[in-house]
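Asker: Given chain A, put chain B in place with the hints provided.
Top to bottom, those sequences are chains A and B. Position one of the first sequence corresponds to residue 1 (our numbering), numbered consecutively onward. Position one of the second sequence corresponds to residue 1 (our numbering), numbered consecutively onward.
It is possible that some hints are incorrect.
What the hints assert, rightly or not - Below 20 Å or equal to it, Euclidean Cα-Cα: the simulated SDA-like pairs (lysine to any residue) are: (1) A/Lys104 <-> B/Ala118; (2) A/Lys7 <-> B/Ala118; (3) B/Lys300 <-> B/His155; (4) A/Lys7 <-> B/His155; (5) A/Lys55 <-> B/Met246.
Stated by the list, open to error - One-sided excerpt, in silico: chain B residues whose CB lies under 7 Å from chain A: (6) Gly139; (7) Ala147; (8) His155; (9) Ala199; (10) Leu250.
No lab work stands behind these hints: they were computed from the structure. Glycine included, every Cβ here is placed at the ideal spot set by N, Cα and C.
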Amino acid sequence: MPAEERKIQAPQPNPETQAFWNAAGEGKLMIGKCNACGAVHYYPRAICPFCFSDKTELQQASGNGTIYTYSVMRRAPIPYAIAYVTLSEGPTMMTNIVDCDLDKIRIGQSVRLVFKPSDGGPPVPMFTTT
Amino acid sequence: MSIKNKAYIVGIYEHPTRKAEDKSLAQLHAESAKGAIEDAGLSKSDIDGYFCAGDAPGLGPLSMADYMGLKLRHMDSTDSGGSSYIIHVGHAAEAIALGKCSIALITLAGRPRSEGQATGTAARTAQNTPDAPFENPYGPATANMYAMCAMRHMHQYGTTSEQLAWIKVAASHHARHNPHAMLRDVVTVEDVVNSPMIADPLHRLDCCVISDGGGAIIVASPEVAKSLKRPKVKILGAGEAPKHQMGGQLDLTYSGAVWSGPPAFAESGVKPGDIKYASIYDSFTITVLMQIEDLGFCEKGQGGRFVSDGNLISGSGKLPFNTDGGGLCNNHPANRGGLTKVVEAVRQLRGEAHPAVQVKNCDLALAHGTGGSLGTRHGAATVIMERE
Chain A
1 MPAEERKIQA PQPNPETQAF WNAAGEGKLM IGKCNACGAV HYYPRAICPF CFSDKTELQQ
61 ASGNGTIYTY SVMRRAPIPY AIAYVTLSEG PTMMTNIVDC DLDKIRIGQS VRLVFKPSDG
121 GPPVPMFTTT
Chain B
1 MSIKNKAYIV GIYEHPTRKA EDKSLAQLHA ESAKGAIEDA GLSKSDIDGY FCAGDAPGLG
61 PLSMADYMGL KLRHMDSTDS GGSSYIIHVG HAAEAIALGK CSIALITLAG RPRSEGQATG
121 TAARTAQNTP DAPFENPYGP ATANMYAMCA MRHMHQYGTT SEQLAWIKVA ASHHARHNPH
181 AMLRDVVTVE DVVNSPMIAD PLHRLDCCVI SDGGGAIIVA SPEVAKSLKR PKVKILGAGE
241 APKHQMGGQL DLTYSGAVWS GPPAFAESGV KPGDIKYASI YDSFTITVLM QIEDLGFCEK
301 GQGGRFVSDG NLISGSGKLP FNTDGGGLCN NHPANRGGLT KVVEAVRQLR GEAHPAVQVK
361 NCDLALAHGT GGSLGTRHGA ATVIMERE
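Excised from the complex, chain A in its bound form (with noise of 0.2 Å):
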């Protein structure tokens, strides 16, 4: 069975990360960036977590980035593959990878960003293979 017919748990937003469900609700992924030091992050916050500046917004990101490195569950009742993977804009996030072969992963290749719904919240955004 495909990997996307596991239940995805649904994230609760809250009053920090709403604009980011928000945008996830119109297939955008969105990073942290601090207008002060100038660096991103993820998962985004309302405090850079490098310089402490609260002069933070939502920054697009391309939706493209590689795998850092995942494993497949074999053991769940749908095996599925859970992955870090580093964004081009720099930051590295966990996500799954679906839509692919689970066996044929590997470390290293290059991936795009798909949305996928979660039983009953906002699409959570995950990767497949290019």
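Answerer: Leaving out everything else, chain B in the frame of chain A:
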């Protein structure tokens, strides 16, 4: 100010249960406390400091001080997951050095086996952390988080499944002498790599056991230690540090041991090569391998080569580790293995380990733990102890 020579471990206890269907959580904590107090030759009324972590019921120190009837002047519930109790040993030494207490009790207990927890494979669901909405949808469990560290280590350093398997093989050689161990059969590298795949590249035998149980430690001032009849185990130094995703600048090839180890060695005035016995947290084989590298027992990336060919087996290897069988074979009470790491190190320093695994002239030992998850956020803790 340093904790060196300021405190001693005077009492230890490892609860013999591995499945405690007929006991409550508070009862397991208290039974463990009772065992350690008796081991030290003290009484409950002597305890004036208490340390516990997230496995304790309710508001930890409050619920347990109430249940055990403790009168305290110092308490600390620092929680870094399974490494908490190694941190507690250092914190207890600090509190004793400052005169905040003179006899500190540390307890751990849990019943994940009786409660039927799928500890390694169940996806995380807790929603109350800032990372949760950015991680939970992807099915992070325990096994696949550590597996991603192993996958990256293999990619970057050429580490193999066979090398990881040697860690389990060594643990099994020790566990066969421990009548309380859950898994007492000696296994081979082939057994490990042929066991079912749980989360690529970790096999079932790369994973620790799920057990009920508990344990306790008593840390006391030099004056108290001098008055007791037990062999003296002195605390030389300790270090602790969290490691996390660093705002997305993630590097899974090393653990927080790179930060907790050096201050512990510096405070102790010893080097990795001086250590005669090491208790190394073994939630998974990869956990051991990375911590051994990060503590400086071998060069970074050479852990696979270092652990191979029985190098961790007591009697033949250069670095005897986890001579009780560790989490991989003996037990992993509350899914938290830090306390039992200290307990076995103290047994070694006292000369009270099983004769078949007792390290000769064991006068310097290290206990190190990783709590939380190696693949996301974890707390590293190191403590170095000496037989006096």
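Asker: I'd like to know which numbered hints this structure contradicts. Please list them from smallest to largest.
Answerer: 1 and 4
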